[in-house]
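*Asks:* So the chains spell out like this:
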Amino acid sequence: MPIVERSLVEVDRTEALELEGIDVSGDWNTFLRSRVVQDLDLKVADWVKGQPQGETISRCWQCGTCTAGCCLHTDFGLEEFNPRYFIYLAQIGYEEELRRYAQTVWRCVSCNKCVERCPKGVKVEEVIHTIGSYLTLTGAAPESPADRFDRAYTENLLRRGVLDEPDLFRTYERLEGRRTPAGELLRMGLKLLGSGRLHTGPLAHRTRGWRRMGAVLREALTEDERRRREGLAPSPPPPGGPP
Amino acid sequence: MSAAPSRGPTDAVPAYYPGCSLDGLGKAYEVSSQQVLRALGLSLDRIVDYNCCGATEVKNLSQDVSVALPARNLALARSMGRHQVVAACNGCVYSLTRANDAVSEPATRTRINTTLERGGAPAYDGTASVQHVLEFIYQRAGAEKVRARVRRPLEGLTIAPYYGCLYTRPKRYTGVGKVPGTDDPEHPHFLDELLEACGARVVKDYAAKTICCGGGHAISDLEVSVAFSASILNEAQRAGADLVATICPLGQINIENHLDRIRTQFGPEVLRPVAYFTQLMSLAFGSSLRAARLANNFSRPDLFLRAKGFS
Numbered sequence: 001m002p003i004v005e006r007s008l009v010e011v012d013r014t015e016a017l018e019l020e021g022i023d024v025s026g027d028w029n030t031f032l033r034s035r036v037v038q039d040l041d042l043k044v045a046d047w048v049k050g051q052p053q054g055e056t057i058s059r060c061w062q063c064g065t066c067t068a069g070c071c072l073h074t075d076f077g078l079e080e081f082n083p084r085y086f087i088y089l090a091q092i093g094y095e096e097e098l099r100r101y102a103q104t105v106w107r108c109v110s111c112n113k114c115v116e117r118c119p120k121g122v123k124v125e126e127v128i129h130t131i132g133s134y135l136t137l138t139g140a141a142p143e144s145p146a147d148r149f150d151r152a153y154t155e156n157l158l159r160r161g162v163l164d165e166p167d168l169f170r171t172y173e174r175l176e177g178r179r180t181p182a183g184e185l186l187r188m189g190l191k192l193l194g195s196g197r198l199h200t201g202p203l204a205h206r207t208r209g210w211r212r213m214g215a216v217l218r219e220a221l222t223e224d225e226r227r228r229r230e231g232l233a234p235s236p237p238p239p240g241g242p243p
Numbered sequence: 001m002s003a004a005p006s007r008g009p010t011d012a013v014p015a016y017y018p019g020c021s022l023d024g025l026g027k028a029y030e031v032s033s034q035q036v037l038r039a040l041g042l043s044l045d046r047i048v049d050y051n052c053c054g055a056t057e058v059k060n061l062s063q064d065v066s067v068a069l070p071a072r073n074l075a076l077a078r079s080m081g082r083h084q085v086v087a088a089c090n091g092c093v094y095s096l097t098r099a100n101d102a103v104s105e106p107a108t109r110t111r112i113n114t115t116l117e118r119g120g121a122p123a124y125d126g127t128a129s130v131q132h133v134l135e136f137i138y139q140r141a142g143a144e145k146v147r148a149r150v151r152r153p154l155e156g157l158t159i160a161p162y163y164g165c166l167y168t169r170p171k172r173y174t175g176v177g178k179v180p181g182t183d184d185p186e187h188p189h190f191l192d193e194l195l196e197a198c199g200a201r202v203v204k205d206y207a208a209k210t211i212c213c214g215g216g217h218a219i220s221d222l223e224v225s226v227a228f229s230a231s232i233l234n235e236a237q238r239a240g241a242d243l244v245a246t247i248c249p250l251g252q253i254n255i256e257n258h259l260d261r262i263r264t265q266f267g268p269e270v271l272r273p274v275a276y277f278t279q280l281m282s283l284a285f286g287s288s289l290r291a292a293r294l295a296n297n298f299s300r301p302d303l304f305l306r307a308k309g310f311s
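Those protein sequence lines, which keep their order, are chains A and B.
First residue of the first sequence? That's 1 in this note's numbering, and the numbers climb one at a time after it.
First residue of the second sequence? That's 1 in this note's numbering, and the numbers climb one at a time after it.
By construction, these hints were calculated from the structure, which means they are not laboratory data.
One thing to keep in mind: the hints can contain errors.
To be verified - What the simulated footprint calls covered on chain A by chain B, stretch by stretch (three residues with Cβ under 8 Å from a Cβ of chain B suffice, anywhere in the stretch; the number is not a length):
id, segment
1, 55-68
2, 85-93
3, 185-198
4, 206-213
Even glycine gets a Cβ: it sits at the ideal position worked out from N, Cα and C.
Modelling step: build the complete structure from the supplied sequences, incorporating the hints.
*Replies:* See the structure below:
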């Protein structure tokens, strides 16, 4: 069979060589670099499968229905956001390739079209988020804006049982080092105040008797985080390094 | 494998789960929902001391916390003697039904109930069914009853019905499309019918009907959420609608939060006023613009509607 992939051919192999008395000097241009990926490691697959949000990953048979309808991939046009491929890479344990998407995986907006349509009952959206968590927890991906938001949201809600929306907005902006102009905040604040919607700080809603429930859930959260980190040694940074 | 979601027994007066948005930024949705329900002779019994459901965010950190939060609310509804819970927010419907799916597995239910008990909440038996307020109004009253109740038809208004993501999706959680009498998960039409019954013209080829608004990434991924919010308005413009009706506080707030950015990036002609469907229904049932709190919305549908002759 002819070799059609020229880039795989190493051309500088002209050498003088004698084997068993026969001169075989010449252009040994058929020495190919290995095309076989050898550093597959099922650690990522096992970890994702081991999470309640990720356990359905093993049902995926790679039909691509999720990706065809994915609002990020198709509607928004972010082609490198390919949930089918992310699942494939996790399934075969091709972590090096997966890490190339460290800046992309977190962008899923949880529209759940993939979960709705998956013919195999894969909870695609939750699996993708689990893969994202793996990348963050192993240090392969930097903490994403969505990671920071999820955490700020959860901490905010566990404080009183009811979300303090204006406070979440302020906290998150602080985390990102962003600042909405004071005039705009004031305009919004006055509008909310005027319509009786500024439930923040001392005016925030709270769930009666939440103190105890909040403490138990915070404990559950810590325990879950400990369990998730267990056995996950941080990986070296991706080739090229994080930005 | 968990059991398919089903709606189970019905209550004359189901429990009502407001969620944090309806008591906060989405107050106009809460107020107008009550007006609509009252006008149709329907009532709901509010879950006192509810807690926030965790939406789509908490599950990314912890499965147990993301199940326990909504399960506590469902347990409270059960201890009120109710089998049915109505929520007005798509995010709430998602997380409450997701919790139902999770606790249908006995081991998970036991673990979650231990957590609830330690936190001082009643245990949850997994038997409260959850539905969106849109589905509740459609099933209990229906288009005919709505039509009979209209005092001030929404004539002259062309409305784009925006359902968003999690009203129907995914059916393995919400049951929509699986349970008889529920909406179509890919091509929902309950909102279309109710608004038509109110006398409005509803655009049929509204491409953005069920697209995402950016959801929980509203402020953490502006590039995506502004683009989606803009296309919800842009498609409404293309379809010839002058108003967008929403059924979810997250969708409403995301779009309105991005109005300035949409104006800058896509031009002022894309902008449309956005209102909760219950505000529009309440208006049709005879409420004033003020009573339906239409001036609360940042996109100011009240100004547009006043120009159309509503008061």
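*Asks:* Hint by hint, which ones does this structure get wrong, listed from lowest number up?
*Replies:* 1 and 2
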